[in-house]
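Quick mapping for you: the protein sequence lines, in order, are chains A and B.
Taking the numbering used here, the leading residue of the first sequence gets 1, the next gets one more, and so forth.
Taking the numbering used here, the leading residue of the second sequence gets 1, the next gets one more, and so forth.
Be a bit skeptical, because a hint or two may be false.
Unchecked claim - As a list, the in silico BS3-like pairs of lysine-lysine whose alpha-carbon atoms are at most 25 Å apart:
1. K318(B) to K58(A)
2. K345(B) to K316(A)
3. K105(B) to K194(A)
4. K408(B) to K378(B)
5. K73(B) to K256(A)
6. K393(B) to K162(A)
7. K342(B) to K381(B)
8. K393(B) to K265(A)
9. K105(B) to K363(A)
10. K273(A) to K318(B)
11. K73(B) to K194(A)
12. K265(B) to K393(A)
13. K73(A) to K194(B)
14. K157(A) to K389(B)
15. K194(A) to K130(B)
16. K162(A) to K389(B)
17. K178(A) to K73(B)
18. K393(A) to K393(B)
19. K389(A) to K162(B)
20. K115(B) to K208(A)
21. K381(B) to K393(A)
22. K393(B) to K157(A)
23. K393(A) to K157(B)
24. K130(B) to K365(A)
25. K242(A) to K73(B)
26. K318(A) to K273(B)
27. K105(B) to K393(A)
Since the hints were derived computationally from the structure, they do not count as laboratory data.
Residue-level listing of the chains:
Protein chains: 2
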Amino acid sequence: MQAQVITIGDEILIGQIIDSNSAWIGEQLNLQGIKIKNILSISDDRDAIIHALETACKEVDLILITGGLGPTKDDITKFAIADFLQDTMVYDQPTFDRITLLFEKFGRKTTDAHKAQCFMPSKAKLLINKMGTAPGMLFEYDDTIIVSMPGVPYEMKYLMTKEVLPLLCAKGSQIHIKHKTIRTAGEGESRIAKQIEDIVEDFPDFLKIAYLPSLGTVRLRISGEHKNVELLESTIEQFREKLVHRLGDLVFGYDKDLLQDAILKLAILKSQKVATAESCTGGMIASRLTSVSGSSSYFKGSVIAYSNEVKHNLLKVKSETIENHGAVSENTVIEMVAGALKLLKVDVAVAVSGIAGPTGGTKDKPVGTIWIAVGNEKETKSYRLNLSKDRQKNIEYTTHAAMNMLRKFLMRL
Amino acid sequence: MQAQVITIGDEILIGQIIDSNSAWIGEQLNLQGIKIKNILSISDDRDAIIHALETACKEVDLILITGGLGPTKDDITKFAIADFLQDTMVYDQPTFDRITLLFEKFGRKTTDAHKAQCFMPSKAKLLINKMGTAPGMLFEYDDTIIVSMPGVPYEMKYLMTKEVLPLLCAKGSQIHIKHKTIRTAGEGESRIAKQIEDIVEDFPDFLKIAYLPSLGTVRLRISGEHKNVELLESTIEQFREKLVHRLGDLVFGYDKDLLQDAILKLAILKSQKVATAESCTGGMIASRLTSVSGSSSYFKGSVIAYSNEVKHNLLKVKSETIENHGAVSENTVIEMVAGALKLLKVDVAVAVSGIAGPTGGTKDKPVGTIWIAVGNEKETKSYRLNLSKDRQKNIEYTTHAAMNMLRKFLMRL
Numbered sequence: 001m002q003a004q005v006i007t008i009g010d011e012i013l014i015g016q017i018i019d020s021n022s023a024w025i026g027e028q029l030n031l032q033g034i035k036i037k038n039i040l041s042i043s044d045d046r047d048a049i050i051h052a053l054e055t056a057c058k059e060v061d062l063i064l065i066t067g068g069l070g071p072t073k074d075d076i077t078k079f080a081i082a083d084f085l086q087d088t089m090v091y092d093q094p095t096f097d098r099i100t101l102l103f104e105k106f107g108r109k110t111t112d113a114h115k116a117q118c119f120m121p122s123k124a125k126l127l128i129n130k131m132g133t134a135p136g137m138l139f140e141y142d143d144t145i146i147v148s149m150p151g152v153p154y155e156m157k158y159l160m161t162k163e164v165l166p167l168l169c170a171k172g173s174q175i176h177i178k179h180k181t182i183r184t185a186g187e188g189e190s191r192i193a194k195q196i197e198d199i200v201e202d203f204p205d206f207l208k209i210a211y212l213p214s215l216g217t218v219r220l221r222i223s224g225e226h227k228n229v230e231l232l233e234s235t236i237e238q239f240r241e242k243l244v245h246r247l248g249d250l251v252f253g254y255d256k257d258l259l260q261d262a263i264l265k266l267a268i269l270k271s272q273k274v275a276t277a278e279s280c281t282g283g284m285i286a287s288r289l290t291s292v293s294g295s296s297s298y299f300k301g302s303v304i305a306y307s308n309e310v311k312h313n314l315l316k317v318k319s320e321t322i323e324n325h326g327a328v329s330e331n332t333v334i335e336m337v338a339g340a341l342k343l344l345k346v347d348v349a350v351a352v353s354g355i356a357g358p359t360g361g362t363k364d365k366p367v368g369t370i371w372i373a374v375g376n377e378k379e380t381k382s383y384r385l386n387l388s389k390d391r392q393k394n395i396e397y398t399t400h401a402a403m404n405m406l407r408k409f410l411m412r413l
Numbered sequence: 001m002q003a004q005v006i007t008i009g010d011e012i013l014i015g016q017i018i019d020s021n022s023a024w025i026g027e028q029l030n031l032q033g034i035k036i037k038n039i040l041s042i043s044d045d046r047d048a049i050i051h052a053l054e055t056a057c058k059e060v061d062l063i064l065i066t067g068g069l070g071p072t073k074d075d076i077t078k079f080a081i082a083d084f085l086q087d088t089m090v091y092d093q094p095t096f097d098r099i100t101l102l103f104e105k106f107g108r109k110t111t112d113a114h115k116a117q118c119f120m121p122s123k124a125k126l127l128i129n130k131m132g133t134a135p136g137m138l139f140e141y142d143d144t145i146i147v148s149m150p151g152v153p154y155e156m157k158y159l160m161t162k163e164v165l166p167l168l169c170a171k172g173s174q175i176h177i178k179h180k181t182i183r184t185a186g187e188g189e190s191r192i193a194k195q196i197e198d199i200v201e202d203f204p205d206f207l208k209i210a211y212l213p214s215l216g217t218v219r220l221r222i223s224g225e226h227k228n229v230e231l232l233e234s235t236i237e238q239f240r241e242k243l244v245h246r247l248g249d250l251v252f253g254y255d256k257d258l259l260q261d262a263i264l265k266l267a268i269l270k271s272q273k274v275a276t277a278e279s280c281t282g283g284m285i286a287s288r289l290t291s292v293s294g295s296s297s298y299f300k301g302s303v304i305a306y307s308n309e310v311k312h313n314l315l316k317v318k319s320e321t322i323e324n325h326g327a328v329s330e331n332t333v334i335e336m337v338a339g340a341l342k343l344l345k346v347d348v349a350v351a352v353s354g355i356a357g358p359t360g361g362t363k364d365k366p367v368g369t370i371w372i373a374v375g376n377e378k379e380t381k382s383y384r385l386n387l388s389k390d391r392q393k394n395i396e397y398t399t400h401a402a403m404n405m406l407r408k409f410l411m412r413l
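All chains, please: the whole structure from these sequences, using the hints.
So this is what it looks like as structure tokens:
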């Protein structure tokens with residue numbers, strides 16, 4: 001079974017929103033062994049929608065459409081699908097009843113726009129959407145299934161999970177597709193490729209590797225397709241083991257694992273309580289660490305010391321240190337670590353101070369100068385980064401680097 | 001001029017990464033008055049790339065390709081383009097010299113993979129990429145311009161900004177496209193649409209409105225196309241004014257403005273220093289507030305009190321309060337505000353405490369129960385949210401709601 005995802009909306013084409021729905025849909029279909037041939041984003045324009053449907057119906061067995069089902073005038077998806085299928089619109093009372101009920105729960109009344117929203121193509125099998133007002137729709141056209149869903153991510157995800165995937169699951173597929181992703185931090189794509197070249201050359205024909213770099217990390221995705229699922233899985237596992245052995249502590253996890261997952265596991269394993277003391281990252285390290293369920297078992301808190309006053313009053317960074325070395329200095333971050341260990345009563349603390357930019361640099365310390373320190377009672381390691389002028393990128397990269405330092409520090413305890 | 005964006009890479013189709021490049025490219029082209037017909041994501045497969053190029057060349061004047069230019073074996077874009085154009089590959093010494101230089105700066109040596117990377121289609125005009133190893137390429141084929149760029153976002157952005165856009169700018173366009181987006185927080189799409197219905201009905205034919213909802217906010221985008229740019233701009237401005245007047249304090253900004261921008265402006269205008277005391281948001285509020293350049297002028301810092309110990313020791317939340325009412329309670333967040341005002345010596349503080357989930361709920365306080373408070377010396381306002389079981393969504397929405405409360409609090413000072 002091959003599929004196409006079509007996202008509808010000018011807001012995607014003019015870059016006002018980033019299409020994250022397609023990625024999620026792609027991932028879900030892939031897990032079902034359904035191959036996504038392509039993802040297409042088009043304008044909320046009748047002719048564009050009809051043209052896309054005509055083309056897709058010739059190429060794939062399944063079309064998943066998101067967007068353009070809302071109550072407002074720019075929402076034309078269902079009318080365009082009806083035109084494509086030469087269908088007519090009929091009023092659906094149950095949909096209106098559900099909207100009324102949903103609104104009553106919030107103490108609100110429906111508007112005329114909601115009534116107008118209840119006209120549906122007669123050929124649609126309606127998919128109940130408990131997360132919003134617009135139901136999903138499923139059509140069968142020749143050999144192609146067409147599904148239309150709202151563009152609001154949690155509504156689309158609800159419909160996919162509760163309605164669409166169970167339906168598709170039943171249809172199945174003969175070829176098995178499997179992936180395993182190894183996540184690394186601290187080394188670039190080319191150098192990693194070089195380091196594992198001989199192992200990759202031994203890959204059988206049905207396996208391939210992809211290198212997916214992003215800020216500070218490279219993911220290595222091993223992918224395979226085979227009729228024999230046991231053979232496929234054991235071969236992937238065998239090469240995963242070889243690659244991980246070769247790459248050592250560059251590897252911090254698999255598949256969806258993030259640095260915060262690796263840190264959570266390590267902190268629990270080593271019984272370490274952790275805190276952060278952040279200046280230029282403004283809480284992003286703490287926010288990342290606590291994004292994972294279970295983080296309260298090791299993470300106690302942070303001081304975001306955005307002003308020097310807070311660095312001095314709370315974290316006890318000496319005034320002389322700030323005067324003589326500056327707030328962005330090795331001495332300052334080392335004292336921030338010591339202050340956080342004491343104030344927040346933890347075993348390990350990580351501290352950062354830097355000039356995120358785009359302004360605030362000097363000749364000695366240009367924008368992008370960042371100091372990071374990680375330490376405990378016994379020792380503190382510090383590191384200087386020389387980054388760019390891009391504020392957001394500097395904050396992101398510093399957060400990543402500080403977390404990777406924390407991970408390595410915990411590993412060695 | 002009409003354009004298509006093609007992103008290449010299985011990682012997009014299987015949802016391993018979200019395609020944010022296309023959104024950025026779409027935005028840039030739109031500002032140049034170039035209409036994006038569609039955005040297509042395909043597999044890193046020779047035939048898929050050639051098929052996409054064949055189709056696109058018939059439909060658009062400009063094709064912008066990202067991805068598949070790296071040094072590894074899954075990077076086949078330039079070979080597929082060469083096949084499509086019936087071109088041959090030639091070795092480019094200047095590219096290799098640039099890679100060598102780049103690596104020397106970091107004290108590293110090139111590998112054979114870098115040498116192999118320097119074979120380029122002979123028909124390509126190479127676009128120098130100072131951010132990475134793979135140059136961009138520009139081809140002219142019949143009446144269509146084909147541009148191929150790396151998929152790494154900052155490399156692509158560098159090439160677009162320095163090379164591609166200046167070239168396209170010269171070619172120009174006769175029809176002007178303009179947008180103005182009004183950003184609102186605190187009310188849903190249907191209700192806003194109802195509230196401004198009569199104003200939207202008065203829109204001239206060349207203007208349209210789109211409602212773009214996301215967690216807690218709705219953006220209203222007024223778009224227009226006209227040959228007369230002055231008329232277009234003044235008409236958009238006239239309707240913008242009417243809409244904003246009607247919507248009152250729901251409006252917090254325009255276009256790219258985020259809540260943190262609105263808060264920065266208000267805090268400076270009202271000379272207020274601000275701090276946060278965060279439990280379940282784990283630093284995300286502070287991180288958002290400090291993501292904006294200039295935030296150090298009003299934001300002094302935070303205490304992330306993830307454990308009750310930190311709530312009590314640093315923020316002076318009474319033990320009785322936590323025992324009698326729980327850490328997630330109105331009393332606790334009100335005391336957290338008072339503690340933060342004193343400890344961090346600020347004028348206004350915002351505090352949150354809640355059960356982000358997915359576990360940790362009780363019958364009285366299910367997962368998703370969140371308390372927020374904002375206050376100063378004189379008064380503190382508090383608010384309870386009843387959210388979902390989804391940890392990430394709860395943290396995001398709480399951050400948004402707390403920031404919107406802070407904005408409204410500052411407005412009324």
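Hint check:
The hinted pair formed by K318(B) and K58(A) fails the criterion: a straight-line CA distance of about 68 Å is larger than 25 Å. About 16 Å separates the Cα atoms of K345(B) and K316(A), which keeps this hinted pair within 25 Å; it holds. Under the criterion of a C-alpha separation no larger than 25 Å, the hint pairing K105(B) with K194(A) is consistent with the structure, at around 20 Å. A hinted pair counts as satisfied when its Cα atoms are at most 25 Å apart, and K408(B) with K378(B) qualifies at roughly 16 Å.
A C-alpha spacing of about 24 Å is found between K73(B) and K256(A), which places the hinted pair at or below 25 Å, so the restraint holds. For the suggested pair K393(B) and K162(A), the alpha carbons sit about 19 Å apart, so the restraint of at most 25 Å is met. For the hint pairing K342(B) with K381(B), the CA-to-CA distance comes to about 17 Å; that is within 25 Å, so the pair holds. Straight-line distance between C-alpha atoms of K393(B) and K265(A) comes to about 23 Å, which keeps the hinted pair within the 25 Å bound.
Of the supplied pair hints, the one linking K105(B) and K363(A) holds, its CA atoms being roughly 20 Å apart against a limit of 25 Å. Between K273(A) and K318(B), the direct Cα distance comes to roughly 23 Å. Compliance with the 25 Å bound is thereby established for this hinted pair. Pair hint K73(B) plus K194(A) holds up; C-alpha atoms about 12 Å apart against a cutoff of 25 Å. Only pairs whose Cα atoms come within 25 Å are accepted, and K265(B) paired with K393(A) is accepted, the gap being roughly 23 Å.
With a C-alpha separation of about 12 Å, the suggested pairing of K73(A) with K194(B) holds against the 25 Å cut-off. Using a Cα cut-off of 25 Å, the hinted pair K157(A) and K389(B) holds, with the two alpha carbons roughly 14 Å apart. Of the pairs offered as hints, the one joining K194(A) and K130(B) holds, with about 23 Å between alpha carbons and a cut-off of 25 Å not exceeded. Using a Cα cut-off of 25 Å, the hinted pair K162(A) and K389(B) holds, with the two alpha carbons roughly 16 Å apart.
At most 25 Å may separate the alpha-carbon atoms for a hinted pair to count; K178(A) and K73(B) meet this at roughly 19 Å. Between K393(A) and K393(B) the alpha-carbon distance is near 24 Å, which keeps this suggested pair within the 25 Å criterion. Restraint check for K389(A) and K162(B): satisfied, since their Cα atoms lie roughly 16 Å apart, inside the 25 Å limit. Distance hint between K115(B) and K208(A) is fulfilled; the C-alpha atoms sit about 22 Å from each other, no more than 25 Å.
Distance restraint check for K381(B) and K393(A): the Cα-Cα separation of roughly 35 Å exceeds the 25 Å cut-off, and the hinted pair is therefore not satisfied. The hinted pair formed by K393(B) and K157(A) meets the criterion: a straight-line CA distance of about 13 Å does not exceed 25 Å. Proximity of K393(A) to K157(B) is assessed by CA-CA distance (about 13 Å); at most 25 Å being required, the pair is judged to hold. Between K130(B) and K365(A) the alpha-carbon distance is near 23 Å, which keeps this suggested pair within the 25 Å criterion.
For the given pair, K242(A) sits about 19 Å from K73(B) by alpha-carbon distance, which is consistent with the 25 Å threshold. Annotation: proposed proximity of K318(A) to K273(B) holds, straight-line Cα distance about 23 Å (limit 25 Å). Pair hint K105(B) plus K393(A) holds up; C-alpha atoms about 21 Å apart against a cutoff of 25 Å.
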